[in-house]
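Asker: Sequence:
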Amino acid sequence: MAQIPKPSGGRGDVPPPPVPTTVLRIRSLLPSLAPAEQRVAQRVVDDPERAAASSITQLAKDCATSEATVIRFCRTIDFSGYRELRLALATEAGQARGARGDTTELASDINPDDTLVTVVQKIAYTDARAVEETGAAMDVEVLRAVIDAMSNARRVDVYGVGASAFVGADLQQKLHRIGLTSFAWSDAHVMLTSAALLDESDVAIGISHSGTTIDTVQALTEAGRRGARTVAITNFPRSPIGFADHVLTTAARETMFRSGATASRLAQLTVVDCLFVGLAQIRYTDSRTALETTYEAVRGLRLSDDRRRRRNEASAARNTPAGNDD
1 MAQIPKPSGG
11 RGDVPPPPVP
21 TTVLRIRSLL
31 PSLAPAEQRV
41 AQRVVDDPER
51 AAASSITQLA
61 KDCATSEATV
71 IRFCRTIDFS
81 GYRELRLALA
91 TEAGQARGAR
101 GDTTELASDI
111 NPDDTLVTVV
121 QKIAYTDARA
131 VEETGAAMDV
141 EVLRAVIDAM
151 SNARRVDVYG
161 VGASAFVGAD
171 LQQKLHRIGL
181 TSFAWSDAHV
191 MLTSAALLDE
201 SDVAIGISHS
211 GTTIDTVQAL
221 TEAGRRGART
231 VAITNFPRSP
241 IGFADHVLTT
251 AARETMFRSG
261 ATASRLAQLT
271 VVDCLFVGLA
281 QIRYTDSRTA
291 LETTYEAVRG
301 LRLSDDRRRR
311 RNEASAARNT
321 PAGNDD
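Mapping of the sequence shown onto full-length UniProt numbering: position 279 corresponds to residue 279, and the numbering continues sequentially without gaps.
There's no promise every hint is true.
As the list claims (entries may be wrong) - Restricting the straight-line Cα-Cα distance to at most 20 Å, the calculated cross-link-like pairs of lysine to aspartate or glutamate (DMTMM-like) are:
1. K174 / D286
2. K174 / E49
3. K174 / D273
4. K61 / D47
5. K61 / D46
6. K174 / E292
7. K174 / D215
8. K61 / E49
As the list claims (entries may be wrong) - Listed next, with one range per pair, are the computed distances between beta-carbon atoms:
9. Q58 / R25: 45 to 53 Å
10. T115 / Q95: 26 to 34 Å
11. T212 / R25: 14 to 22 Å
12. D78 / A145: 22 to 30 Å
13. Y295 / A53: 54 to 62 Å
14. I214 / A314: 33 to 41 Å
Calculated directly from the structure, the hints in this document are not laboratory data.
Glycine is no exception: its CB is placed at the ideal position from the N, C-alpha and C atoms.
Build the full structure now, drawing on both the sequences and the hints.
Answerer: Here you go:
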């Protein structure tokens, strides 16, 4: 049985990714916090540098809460107290400034009066950060366990609604191309009937940015009840979908103008690509054969070099203005 190789510790190994930042960790835990703690968390996430510079009294006042709540919040996110949290925030802010320069404006939400140039810059920055932070937050051992389970599964069913459905379809298509039996479902009824037919030899994957999408949670619950290995891909590991056997965490910040699942979609696709490449790696011979076979199957649907050249020449001729006769 093929398994993903573990790091050997040799000198040529790629260095491990950075530990997820404090802000990233707080953001992923936001929905699971008590209301008063959520206000503290949101203030820290929105402006970590200001939080690092504030006293506990000032932060409590800004959040309309008590110092005791701030201390309780710190302990909830695994800090001994506010002093340790401030130190972590200040250190990470300094590291970020040194690595990226001043990106405060780009990290802010898109405003109605932003120019199109600024909109492009903000989207590019946020999307790139989502991919980078998802990689930093990835638990490689969990990823390894999921890949091993998928490699040995009779079938893999993927559940997702809305934008997550498109991500699920992408995963299903990738698995299909390397010879794994897989299905992607987005209709609530079909998701449940699919889940009801799974057993211990199957893997079910639920994709939900919020982790609270009822259809996806119910389907994954049913799949688990039938004995399937369950996997969640979500931004919030303590959300309702976090009951899954394995949770792969994304890191994306969706705000008002980004509610169309822009950065979250790219973060989810990053996880999908990691799963796909990991599977192709441990099933290299079979995957390569399947990819070559499927490529040949659709080769005739692509324009040949000669046809592309003729189309380009014809298009250029149509767009060239006629010369003036003297």
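Asker: Going through the earlier hints one by one, which of them does the structure break, listed in rising order?
Answerer: 2, 7, 9 and 14
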